[in-house]
Amino acid sequence: LAKTTQPISMDSYEGQEVNITCSHNNIATNDYITWYQQFPSQGPRFIIQGYKTKVTNEVASLFIPADRKSSTLSLPRVSLSDTAVYYCLVGDEVWDGNKLVFGAGTILRVKS
Amino acid sequence: GAGVSQSPSNKVTEKGKDVELRCDPISGHTALYWYRQSLGQGLEFLIYFQGNSAPDKSGLPSDRFSAERTGGSVSTLTIQRTQQEDSAVYLCASSLRAGSGNTIYFGEGSWLTVV
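Protein chains in written order, with my numbering: chain B, 1 to 112; chain G, 1001 to 1115.
Chain B extracted, bound-state conformation:
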């Protein structure tokens, strides 16, 4: 099971770029890296997923180095509404299925 490590919390200000790094030293060849966002009182919401190099969508970018032992979620020009918990997940195929184990996540606080 690929264990992930990410910072417990981060503080930022509106308009800044935020980079959250996740370490996953034991990532397996077939594993994808997925990031979720969770607001209070809501279920987690998919943000972005990648396998290698860089992925970008309308919300964020995901940078993955060649060794894939870490990944960085980049949120451009954050706003107050980006205050949430961000989870880094690395899939682990168990038999013919998949069990995603969430870590503690990173609490991002955006201040005005």
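Please keep in mind that the hints were generated in silico from the structure rather than gathered at the bench.
Misleading hints may appear alongside valid ones.
Listed next, the stretches of chain G that the computed footprint assigns to chain B, with coverage defined by at least 3 CB atoms under 8 Å from CB atoms of chain B [as the list claims (entries may be wrong)]:
1) 1031 to 1043
2) 1103 to 1114
Derived, one-sided and incomplete: chain B residues facing chain G with beta-carbon distance under 7 Å [as the list claims (entries may be wrong)]:
3) Tyr32
4) Gly43
5) Pro44
6) Phe46
7) Phe102
8) Ala104
For each residue, glycine too, the CB sits at the ideal point set by N, CA and C.
Using the hints, position chain G against chain B.
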């Protein structure tokens, strides 16, 4: 449906009573997952289904917890003889298939309070 639907959204029950939580996954999704999240805590995996079978039940906290899925669609999580430590939000999620690379989508959760 358009998203994962869970019911009830809120449930207050007395200690010792049984509760049933329902999850209706996204249409066509074969994999279904149950997680639990206590106040201020991270997500705890409970069980997942591939079709109607549950290859991994290792996350169920005790034998008071059980889950089933029928017709490859709706799932029910049952908690017997509820205890106060069962109070949490129970989140259901589904994905097109199981396996790394498949995005899982969460419902809004069922908030359970045991008094």
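Do the hints match the structure? See the list:
For the segment 1031 to 1043 of chain G, the proposed coverage by chain B is satisfied: 5 residues have a C-beta within less than 8 Å of a C-beta in that chain, meeting the threshold of three. For the segment 1103 to 1114 of chain G, the proposed coverage by chain B is satisfied: 7 residues have a C-beta within less than 8 Å of a C-beta in that chain, meeting the threshold of three. Hint status for tyrosine 32 of chain B: holds, given a least beta-carbon distance of 5 Å to chain G, under 7 Å. At a threshold of 7 Å, the smallest CB-CB gap from glycine 43 of chain B to chain G is about 3 Å, leaving the interface hint in force.
Hint status for proline 44 of chain B: holds, given a least beta-carbon distance of 5 Å to chain G, under 7 Å. The restraint placing phenylalanine 46 of chain B at the interface with chain G holds, with a minimum CB-CB distance near 5 Å, inside the 7 Å limit. Hint on phenylalanine 102 of chain B holds. Least Cβ distance to chain G is approximately 4 Å, under the 7 Å limit. Because the smallest distance between the Cβ of alanine 104 of chain B and any Cβ of chain G comes to about 5 Å, under 7 Å, the interface hint for this residue holds.
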